[in-house]
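Asker: Chain by chain, the residues run as shown.
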Amino acid sequence: MALISPTILALRRDPRLLKLPPYLSALCIFIGAVWLCLLPLNEYSRRTYISENALLPGQVHTYFGGSEQNVFNAYKYEVQALVGKDQEAISTKLSDIFESAGLRPARQKYEYHAAGNTYSGENVYAILHAPRGDATEAILLVAAWTNMDGILNQSGVALALALARYFKRWSLWSKDIIILITGDSRAGPQAWVDAYHDEHSSPFVAPLPLKSGALQGVVVVDNALDHRFESLHIVYDGINGQLPNLDLFNTAVSIASGQLGIGVSLQRMWKHNDSYQERLQTMLRGMFSQGLGYSSGPHSSFVPYHVDAITLQAVGDGWQDEMAMGRCVESIFRSLNNLLEHFHQSFFFYLLMQADRFVSIGTYLPSAMLVAVNFTIMAIALWIRSGRPPAPKVASTMPEKQNPEMEIVQENNMTAITPKENLTILERQLFLPVTLVVSLHFLGAIPLYVFINSSHNTLPLYFLLFTFLNFFQPTVLATLIHRHTPLTPQHHLLLQSFSLLVLGIFLATLATLNFSLSLFVGLLSTPLSFTGNPFSSSVDAKDAIPSKTRQHIWTLVLQLLSPPVVVWAVCYIWGADLGEMLAEAAFGWKVNGLWTQVVIWCVWWPAWTVGGILVNPLL
Amino acid sequence: MACNPRNAFPGTVYNNADRALDLYGDNIEVDYRGYEVTVENFIRLLTDRLGEDVPRGKRLGSDGGSNVLVYMTGHGGNEFLKFQDSEEIGSWDLADAFEQMWEKKRYNEMLFMIDTCQANTLYKHFYSPNIIATGSSEIDQSSYSHHADNDVGVAVIDRWTYYNLDFLETQVTSPTSKLTLADLFGSYDESKIHSNPGYRWDLFPGGEEKGRERLVMDFFGNVQGVEVEGVGGNETEWREDMRRLEEIIYRARARGNMTGAKKSETPVEEVIAPGRDLGKGRVEGAAKIEGVEAWGQRVLGAGALLGCALIWGGASWLESR
Chain A
1 MALISPTILA LRRDPRLLKL PPYLSALCIF IGAVWLCLLP LNEYSRRTYI
51 SENALLPGQV HTYFGGSEQN VFNAYKYEVQ ALVGKDQEAI STKLSDIFES
101 AGLRPARQKY EYHAAGNTYS GENVYAILHA PRGDATEAIL LVAAWTNMDG
151 ILNQSGVALA LALARYFKRW SLWSKDIIIL ITGDSRAGPQ AWVDAYHDEH
201 SSPFVAPLPL KSGALQGVVV VDNALDHRFE SLHIVYDGIN GQLPNLDLFN
251 TAVSIASGQL GIGVSLQRMW KHNDSYQERL QTMLRGMFSQ GLGYSSGPHS
301 SFVPYHVDAI TLQAVGDGWQ DEMAMGRCVE SIFRSLNNLL EHFHQSFFFY
351 LLMQADRFVS IGTYLPSAML VAVNFTIMAI ALWIRSGRPP APKVASTMPE
401 KQNPEMEIVQ ENNMTAITPK ENLTILERQL FLPVTLVVSL HFLGAIPLYV
451 FINSSHNTLP LYFLLFTFLN FFQPTVLATL IHRHTPLTPQ HHLLLQSFSL
501 LVLGIFLATL ATLNFSLSLF VGLLSTPLSF TGNPFSSSVD AKDAIPSKTR
551 QHIWTLVLQL LSPPVVVWAV CYIWGADLGE MLAEAAFGWK VNGLWTQVVI
601 WCVWWPAWTV GGILVNPLL
Chain B
1 MACNPRNAFP GTVYNNADRA LDLYGDNIEV DYRGYEVTVE NFIRLLTDRL
51 GEDVPRGKRL GSDGGSNVLV YMTGHGGNEF LKFQDSEEIG SWDLADAFEQ
101 MWEKKRYNEM LFMIDTCQAN TLYKHFYSPN IIATGSSEID QSSYSHHADN
151 DVGVAVIDRW TYYNLDFLET QVTSPTSKLT LADLFGSYDE SKIHSNPGYR
201 WDLFPGGEEK GRERLVMDFF GNVQGVEVEG VGGNETEWRE DMRRLEEIIY
251 RARARGNMTG AKKSETPVEE VIAPGRDLGK GRVEGAAKIE GVEAWGQRVL
301 GAGALLGCAL IWGGASWLES R
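Residue numbers (our numbering), protein chains in the order written: chain A, 1 to 619; chain B, 1 to 321.
Be aware that a few hints might be false.
What the hints assert, rightly or not - Example chain B residues on the side facing chain A (calculated, C-beta under 8 angstroms, incomplete):
(1) P5
(2) A8
(3) G11
(4) N15
(5) A17
(6) D18
(7) H147
(8) V154
I should point out that these hints are in silico values taken from the structure, not numbers from a laboratory.
No residue lacks a Cβ here, since even glycine has one placed at the ideal position from N, Cα and C.
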C-alpha cells in the first residue's frame, strides 16, 4: 500500500489521465453500438430450448377435431349473428353458451376514460374447475371480442367457446381453466386482471363475482380471419417492455411448428430467411416494441402481474384451419397442466431474433450499460475539471525563468514537495447548477401532465405547440439565467456534470428494467457528453465554453435530436398517426400504467434542455 | 402418481402404452407418496430412525434375517439421485445408510438396483457386506426411457426397468422359480437398453461366483423358504453361541447373587428367513431382581434415618442449653 499510494497520488494529477475520459466515453458508446450489432451472429446468440422439463411440449395426442368442427361452426355462426347487437345481448348469449357447456359464467363491466375517449365494455368468463385438482392454480384462455385492430375476432371467440366445451370433457386438469371473452383487446383484459388481483379502480371497473387460484399461464387466441390461415404470429411483449417467461414462448413454438407443422412468425416478420439482416431487423423491431412498452395484445396486461402470457394470432392465407389452432391451444394447455410450479426455469429477459434463436440478458445488457456508463464517466471528468484552477499563464515571448511555488506536504510520516498549483482546489459553486438540474427534472412534469390529460382532439395541436416552444425553450431559459446570474465557466462544467450524472444513473437503472428504452434514450443523448470542450482539461473560460461556430453546430445537432423531433420522426418513419400515438400513450398511462412517457419527459427531456442551454450562443 | 390429477387414467399406472399391465394392481399399498418422499424420510425408513408414533406401514420391518431389495429410479447424475425438485441423495448417504442398516442387523442380504443416468456411480461407495448392486448405466452415460404414452403425455417406463420387468413377467413364472441373478443379469441386452448396466459383487461373501447363484425370488418374491433343521452347517455354531450365552447369564447371576430370577415370559421371536434358519429355543432374558434381603435393607434404612433424627434432636437440645 505504501508503495502504491504515492504512484497513484502522482497519477491522479497526471494531465494525461485527465485527457482520457472523453476517449473512454466515446469508446464505450462505440463498443455498445457494435455489441448490439453482433448479437444476431451465431456466435453470440443461442438456440432456444425448453428449460422446464415438466412442460414436455408436443408429447400428447390432440383430439380436438372431428365432430368438434361442427360445434365450432355452430359457435362461429352464433358469434356472427351477434354482430351489431348491443353489449347486453352479446354478454347474455355468451353466458348462455357457457352455461350450456356446463360451466358457470360471470360478467364484469368496465369503463375507462383516457384522452377524452371512453373505453367501456363487458368481460364474460367462465371457470372450469379442475375435476380432481385443488382450486389453487388456474390457467387462462382468452379471446377478445375485437382484436387489436378493432376487427371482430370471430373465429377466435368461437374457438375459445368450443375449447371450453371440449376441455370440460377431460378429467385430467390439475389446474382450473378460466375461459375469458373480453370486450376489447386493450381495456378489457386490463380491467379483468386488475380485478382478479383486487387492484381495480372502482367504481369504473367492477369486481369479479367468481375467482379461482393463482394464474399460471395465459394463452390468447386471435383469429379474425374468415378463411384458413397460413401461420401463427406469436406476440409476447408486455406492458413496459416486460416479457413472459421464455419457456412459454418456446412451448408454443415447439408445439406449433414441431407437433402440428404450423409456421411461426414474430414481430410481424412474415418471411424470415434466417439471414443476418432479417435477424437484426426482428431483434430491432422487438426492441422498439419493448422500448415503447405499449400494449401489443390482450396478453400484455397480464405480464406486469408476473403472469406469463402470449397471444397466438392467425395470419396469412394458407391451408391451416381453426381446428389446427385449437389443437395447438389444446397441446399448450396440456403442457401448462404439467407444470408443478410457476414458470421460473427459463429467461424473463431476452431478445428474440427468430422463433428459435435468442440472446439472454447476460449477453445483451453490456450494450446498454456501456452507453449509460459513458455519461457517468463524462460526469466524473467534468467534476474533476471544475475543481482545477486555470492553467498558469505562460508568457510566450519571454520564457521567464520562474520557479513555481512549492509547498511541503506531510502525510503518514511522508514528506513531499509538490507545486502549490497541484494542491489548490477551486471552491465549487454548487447552488445554481444543482437547483437548475433538479428543477428542470421536475419541470418535465408539465409536458407529462399536458400529454396525459388532454383530449385526443387537442393532443396533436398541443404537441405541435410544444415542439415549437421547445425549439426556443433553451434560448429563453439561457437568457433568463444569464440576466439573473451570468454563468461562470465553472458553472458550465458543473451543470453539465450533474445533468450527465443524473442521466447516467437513470439509464443504468432503466437498462435492467427496460433494456431497449434505456439503450434508445442513451444513444439519442450521446451528443450531450461531448458538447463543450470535452478534450480540454481545465476550467478556463476559453476552454470550458466552446467557440461560437461550435456552439451553432451543437445547437443544430441537439435541435435535430430533441425529444419532440424524435417523436415526429418515429411517426413519420412508421407511418403512424401522431394523434393516435399520443392518445395511445395517454391510454397506456391511465389504464395500463405505462412508464415510457415519464422517462421521456422527466429524464430525457431535462437532460436535453441542459445540453441546449449550455451550447446556447447567447450565453 | 396413480392419483395425480394429471393422470388421464385415474388410479392406474401402466408399464406400456398398450396399457395391458396395470402395475398398480388391486392390492398395492403406497406408504410414502407425493411430497412425503424426501431424502430424510427415505434414510429414516432404512435406518429405522422413526418416532414411536410412526405406524408399522411406514416402517421397514426387516431384521437380520431379511433380504432387502432397494430399487430406485428417477433423475440422477454422477453420484446423486434427485428427490422431488429440490433435493438429492448422494452415493455416500446411501452407503452410510446401508452401513447403519448392517450394524443394526436390518438386513441379511441386499439387492440394490438403480435406474437413472450414470446410475453405476451411485453404488460406488458402498462398504457394507452382503450387498449386490446393479445399475442401468455407466458414468457419463444416459439412461433412456423406453417409450412415451401420448395420451398420458409422459414417458411411461425406462428401458432398463422395462427389460427387468419383462424378464420378471415372462421368465419368472411362479413363486418357486429357481432362476438366479445370473439369469436376470444375463438377460440384459445392451443394444436394447442403450446403456451399459453395471454390477458390484465384491461386498458379497463369495464374490460374484456366490452372488450369481442367488435366486431372483430371494429378493423379488415374498417367499419364505424353510430349511430342514440340522442339515445346515450353522447348527453347531448357534448351539455354541447359546451355550456361551447361558454361561454368561449364569456367571452374572452368581455374581449378583440372584437366586429367584424368573424365566422370561416371552420367548425370542422366531424368525424364519430364506436361506438361513435361526432355529428355535428358549433364551432366558433379563428378569426383575427380587431378593429376601429386601426387608432387611428396609429396616437398615429406617434405622439410619432414625439415628440421624436422634443426632439432630440431641444436638439441638444441647445447643438450646
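Asker: Now look at each hint and say whether the structure bears it out.
Answerer: Each hint tested on the structure:
1. Annotation: interface hint on B:P5 holds; nearest CB of chain A at approximately 4 angstroms, less than 8 angstroms.
2. Restraint check, B:A8 versus chain A: the minimum CB separation of about 5 angstroms is within 8 angstroms; hint holds.
3. Proximity of B:G11 to chain A is violated relative to the hint, the smallest CB-CB distance being about 11 angstroms (cut-off 8 angstroms).
4. A cut of 8 angstroms between beta carbons decides the hint on B:N15: the least distance to chain A is about 18 angstroms, and the hint is violated.
5. Of the supplied interface hints, the one on B:A17 is violated, with its beta-carbon coming no nearer than about 11 angstroms to a beta-carbon of chain A, more than 8 angstroms.
6. Interface restraint check for B:D18: the shortest CB-CB distance to chain A comes to about 15 angstroms, outside 8 angstroms, so the restraint is violated.
7. Because the closest C-beta pair between B:H147 and chain A is about 11 angstroms apart, greater than 8 angstroms, the hint is violated.
8. Look at B:V154: its Cβ gets to within about 6 angstroms of chain A, closer than 8 angstroms, so that hint holds up.
The structure does not agree with the numbered hints 3, 4, 5, 6 and 7 stated previously, though it agrees with the rest.
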